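Based on the hints, put chain B in the right spot on chain A.
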Amino acid sequence: MKVAATRRNVLVLVLVLSASCVVVGLGALAVGGVHLTLEEVWAALRGTGSNAEASAIVRDIRLPRVVLAALVGAALAVAGTVLQALLRNPLADPYVLGISSGAALGDIVALWVGGRIAAAAPGFAFAGALLTMTWVYALGRRGGRLKSFTLLLAGVVTASFLSALILFVLTLLSTRDVRGVAFWLMGDLSAATGAELRLLAPAVVLAIAALYWFAKDLNVMLLGDDEAAHLGVNVARVETAVFVLSSLLTAMAVSVSGAIGYLGLLVPHVGRMLVGSDHRTLLPTAALGGAMILVLSDTLARTVVAPSELPVGAVTALAGAPVFIYLLRRTAG
Amino acid sequence: MRRSLVCRYFPFLAVPLCLCVASGLRARVVTDETGRRVNLPDHPQRLVSLAPSITETIYALGLGDRLVGDTDYCDYPPEAKLKPHVGNVLNPSLEKIVALKPDLVLGISEGNRIETADQLQRVGIPIYGLTDHTLDDTLRSIADLGRVLDAEAAADALGQRLRARIAEVERRVAGAPRPKVLFVVWYQPLTTAGAHTFISDVIHRAGGVSVSDDLPGDWPRLSLEAALDRNPDVILFPGGESMAPSLNDIRRLPGWRDLAAVKHDRLYVVSESIIHPSPRLVDALEQVAAVLHPDQMKGYTARIDDCRKLSVVSYQLSVAVGPRTTGNWQLTTDNRRFLQSSIVNRQFFFQAGQ
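Line by line, the protein sequences are chains A and B.
Numbering-wise (the working numbering), the first sequence opens with residue 15 and increments by one.
Numbering-wise (the working numbering), the second sequence opens with residue 1045 and increments by one.
Hints may be right or wrong, so weigh each one.
Below, simulated EDC-like cross-link-like pairs (lysine to aspartate or glutamate); rule was C-alpha separation at most 20 angstroms, straight line [as the list claims (entries may be wrong)]:
#1 Lys1307/B x Glu67/A
#2 Lys1224/B x Glu67/A
#3 Lys1127/B x Asp1116/B
None of these hints come from the bench; they were simulated from the model.
As the structure is a prediction and not an experimental result, all values here were calculated from the model.
Chain A extracted, bound-state conformation (with noise of 0.2 angstroms):
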């Protein structure tokens, strides 16, 4: 009987966020430094527009972006959500734990080689994102555990080690640190191509199905790990493996976005106010949540200074600032 109701919310939740999704998508696609109406945008969707201009705005400049907004705020969003879950941390988000620090790292070190090499750089800071993840997994376990604490610290010193080395190898570099300090420290979203689009889709949807299927696991273990082993839940294996995923997840965005801030610390918060801390409407929730808000800052960012743009992180920060503040001021009061 619960779980049944259970399952029927979870249901018509995700179609109720899914359907806003896709609203919210199209009036991305409908608004953008250039005006169109309404007909051309659809006309050029569905490829029957005669406007060959608007065609390629729609098509080949809004559409890929609005697509990689939507991946990377889910996959921000959900590996925000199973971090606070696994490190019990209101605090603890994707780049608390260094692995965008690595992946800005992989990056510039690729530039910094140069030749065909820079042509690989997402791949090396997909590199850098992994290297950094088995690095800090490995100083954050104790005896077969992970110990929360113990890797929250490890996170936070190796990244501002990472940190150090980026200025020194940007020191080192000479002109393409230009896209290294613009896109790693504000994110931007206008640059990923076809291609790495085709690669990102399927993963981050496979590793956010992955880790609902552990959404059962996390709620038991917000217990405490003991009485998680108690109920039968095998607390290593499931923390090694909600770690790897999350971190993968924050690899892949960050490879292609760069440091897109608030995204992975805010969205949990709010979807447990909305719908509770039950993992199994929560992840869902926090994804499609967290899609709809990057592509909505997304559009602000594309649309506020047109012609011009704001980095997206820019108005990450501006937006989620503001509104920690006043989660904190409430759950304080």
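Structure of chain B alone, referenced to chain A:
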């Protein structure tokens, strides 16, 4: 007691006193291009340049032997590389500058930081600052440097030669239809040159019109769809080995392949002199004019000695990424040169300060 104290310290006081009097005799107070008051020596003999464009101008005025120090990025003319370096443009070493005992330091407000000027002033070294937003500013800076460096005749002659070349270019392109030009400072994210930059001015005077002329700020970002909408006929990249992407890089990016200029292969790398407000900015003007108006500029290179490099530097990207040399190609310039340019530095500094 009091008297003996003065006596005892008199030698120590005498030296700075004499220096003060002496420098007072030899100096005049002027206002530089940035509006700062400068205690200018009448015949400066030991110069330190804090920007490649200033180094170039000093050499162009025939005063290279008075230059006692320049920056790591000063590599034109090649002799400039042999001078003692004081560090980079944004963060020159104050100690190295002081150790070179300059009687005048020259800086530029679009590249150097105001803190550097303040520090130098505090240690008593006069610094004369230039500003350059247009080609005419650059001509004025050359004349100014001539006055400041006591080389007015050379500056006049140089200014006349440059003016003649500019006038010839303008005469040739006058009346021709103006192609729309997108100048790509950086392509990912697309960053371009705003209205009040000498780049925009050069494009205009070379008979083109910059599509980013209405944007605020010197180096604004332009959304790709706005670029598509403005439909530039020609896309220009500043030269330098690692500055310009390959055509393959560009085609990989979403949206770029829809640009008419990309479809028609009208992407050019112009000499990096377009990012230096020095006498070579006129070279850049001639190159841009030749790219935008090949018919009107026909035969021009043969007449002007300085412009022989044209065929090398207006390097069409499609040539560079032909079947044999995919992706990777080289110009002879040191890629580090671009860093010193105000363009990247400003951007870099702004971003890093966030």
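Now the hints, each set against the structure:
Among the hinted pairs, Lys1307/B with Glu67/A is consistent with the structure: their alpha-carbon atoms are about 13 angstroms apart, no more than 20 angstroms. Among the hinted pairs, Lys1224/B with Glu67/A is consistent with the structure: their alpha-carbon atoms are about 17 angstroms apart, no more than 20 angstroms. Proximity of Lys1127/B to Asp1116/B is assessed by CA-CA distance (about 9 angstroms); at most 20 angstroms being required, the pair is judged to hold.
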